[in-house]
Amino acid sequence: MKALWITLTFIVFALLLGIPVVRIAGGAWDDGWSGFAAGLSRPEAVHALMMTGLIVVIVTAVNALFGVMLALYLVRAKWLGTQLKRIMNSIVDLPFAVSPVIGGLMIVLLLGPDTALGSLLNKAGVPIVYALPGMVIATLFVTFPLIVREVMPVLQEIGDQQEEAAHLLGAYAWTTFWRVTWPSIRWSVVYGVVLTVARTLGEFGAVLVVSGNIINKTQTATTLVYEDVENFNLTAANAVALVLAACSIGLLLFMEWAKSRKAS
Amino acid sequence: MTNMLQNRWWSWGFRSAILLYFILLIVFPIIGIYGQSLTNGWAALVDNLTEPIAWKSVLLTAKLALFATIINILIGTMAGWVLIRYRFPGRSLLNSMVDLPFALPTAVVGLMMLLLLGPRSEVGHWADSLGFTILFHEPAIVVAMVFVTFPFVIRAVQPLLEEMDASEEEAAYTLGASRAKTFFRVILPAMVPGIMSGAMLAFSRALAEFGAVVLVAGNIPGRTLVASVYIYGQIESDNPAGAAAVSVLLLTFSFLVLWLVSYVQSRRTGR
Chain A
1 MKALWITLTF
11 IVFALLLGIP
21 VVRIAGGAWD
31 DGWSGFAAGL
41 SRPEAVHALM
51 MTGLIVVIVT
61 AVNALFGVML
71 ALYLVRAKWL
81 GTQLKRIMNS
91 IVDLPFAVSP
101 VIGGLMIVLL
111 LGPDTALGSL
121 LNKAGVPIVY
131 ALPGMVIATL
141 FVTFPLIVRE
151 VMPVLQEIGD
161 QQEEAAHLLG
171 AYAWTTFWRV
181 TWPSIRWSVV
191 YGVVLTVART
201 LGEFGAVLVV
211 SGNIINKTQT
221 ATTLVYEDVE
231 NFNLTAANAV
241 ALVLAACSIG
251 LLLFMEWAKS
261 RKAS
Chain B
1 MTNMLQNRWW
11 SWGFRSAILL
21 YFILLIVFPI
31 IGIYGQSLTN
41 GWAALVDNLT
51 EPIAWKSVLL
61 TAKLALFATI
71 INILIGTMAG
81 WVLIRYRFPG
91 RSLLNSMVDL
101 PFALPTAVVG
111 LMMLLLLGPR
121 SEVGHWADSL
131 GFTILFHEPA
141 IVVAMVFVTF
151 PFVIRAVQPL
161 LEEMDASEEE
171 AAYTLGASRA
181 KTFFRVILPA
191 MVPGIMSGAM
201 LAFSRALAEF
211 GAVVLVAGNI
221 PGRTLVASVY
231 IYGQIESDNP
241 AGAAAVSVLL
251 LTFSFLVLWL
261 VSYVQSRRTG
271 R
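Chains as they are written, first to last, in full-length UniProt numbering: chain A, 1 to 264; chain B, 1 to 271.
It is possible that part of the hints are untrue.
Stated by the list, open to error - Take a look, some chain A residues computed to stay more than 10 Å from chain B by CB distance:
#, residue
1, GLY35
2, ALA37
3, ALA131
4, LEU132
5, PRO183
6, SER184
7, GLU256
As the list claims (entries may be wrong) - Covered stretches of chain B (in silico footprint by chain A; criterion: 3 or more residues with CB under 8 Å from a CB of chain A, positions within the stretch not fixed):
#, segment
8, 77-90
9, 207-213
10, 234-243
Hints listed in this document are in silico derivations from the structure and should not be mistaken for laboratory results. Remember, it's a predicted structure, so these values are computed and weren't measured experimentally. Glycine included, C-beta positions come from ideal geometry on N, C-alpha and C.
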């Protein structure tokens with residue numbers, strides 16, 4: 001009985017997870033090394049990967065700062081009422097429930113070229129939609145809960161006694177944060193950052209809607225894969241997809257390592 | 001004194017910056033989309049939703065997401081059980097593989113499914129010889145949804161199994177219950193809250209899925225066009241009102257599911 005269940009689980013994992021990953025790793029080499037290299041060295045592929053990298057850096061930095069701050073406020077702040085905190089707490093999760101396409105649509109509806117705010121910004125020379133700022137905003141929206149959700153439980157768990165002790169001993173708020181709070185939340189921040197990077201790297205729906213997928217301008221790695229598939233350019237799509245998959249598997253392995261560090 | 005004043009200014013500035021960011025980034029867009037769907041009044045909203053292509057796509061998505069969720073309940077419960085209860089070589093490898101669908105970009109998942117199920121692959125050939133096609137038809141959408149939502153049930157069941165008290169199970173055995181009876185009367189009821197909340201999250205994710213589905217669905221209106229792809233199509237053809245109407249329907253549904261999950265969880269931890 002036990003052997004049967006274990007075998008079944010192995011079969012499910014192999015069929016559902018194993019074979020697809022192997023297939024994508026193999027598919028990039030359909031035309032040999034040159035096909036893979038050609039797929040990656042196209043100017044649009046280089047540009048798309050650069051674009052993705054740029055968005056990852058901006059989004060991760062902004063989210064790390066605001067995510068940790070908001071988690072601190074939602075757990076510790078006394079100036080927010082309990083009721084307000086509870087409402088904000090449930091709003092934090094909302095981006096998880098929003099389909100990425102809808103997330104993109106929201107940005108287009110609010111800041112698109114036809115709206116008052118959008119045309120105003122356009123005139124000021126800061127286009128939002130179909131440009132980098134809109135793509136960053138859409139990704140920020142989609143990845144917003146990740147860091148907050150990782151950090152909040154740890155803050156709740158460690159309590160505020162040590163922080164109060166530091167405060168009573170005359171430490172500045174800043175010192176208290178760096179010397180007392182930060183060491184205990186460090187690994188969950190790292191964990192949240194890794195999740196954010198992985199999600200940003202793979203963000204597709206929201207970015208596709210907001211960017212307009214303009215080649216060599218607003219195209220990211222994932223939207224390039226989409227366009228290549230639509231144009232039946234499968235080997236090239238596979239090359240870019242393999243790079244993305246390798247990045248996310250690497251991040252997954254790093255996450256496992258961080259988890260074991262966090263636990264010890 | 002100046003130091004203190006500075007400090008106060010700083011903290012006041014930080015507070016308002018964070019709150020403003022929170023409201024502008026999260027609250028504002030959500031209100032905006034509800035507002036947009038109602039700009040032309042209720043009648044226009046109902047008009048957009050009763051468009052046959054629109055409601056058929058929503059219905060199709062719900063149906064396929066339900067299939068995917070049922071499959072996930074079965075294999076997820078099994079995998080969660082096996083990974084916690086049994087010790088065997090390769091266990092920790094499988095356990096880390098569970099998160100793979102969350103880590104992989106959805107567009108990459110779509111491409112994987114396309115390559116795997118396409119007419120040139122073994123699976124495609126095999127299905128062809130049996131007389132049906134997978135790719136660009138409903139089965140491909142379900143497979144993509146199952147892949148993307150695979151971790152939810154497993155990750156929701158595992159903690160429950162881990163913290164379950166072994167003595168209840170032992171008591172059942174001591175009282176002479178068979179293995180099957182113990183499983184269905186003692187263990188399964190303890191797992192149900194986890195299975196349910198995992199399944200609801202999986203369902204709402206499957207409803208919202210775009211990247212993995214858009215590449216493998218045929219996108220034929222009324223037959224293989226799912227809601228998120230319909231929304232994308234409406235945005236592309238410059239009909240934001242139609243897109244907003246379907247979005248609001250999906251959003252409201254997802255919010256309900258999310259609220260239900262947190263309600264169930266708070267009741268469980270509250271006890």
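ask   = What are the numbers of the hints that this structure violates, sorted from low to high?
value = 7
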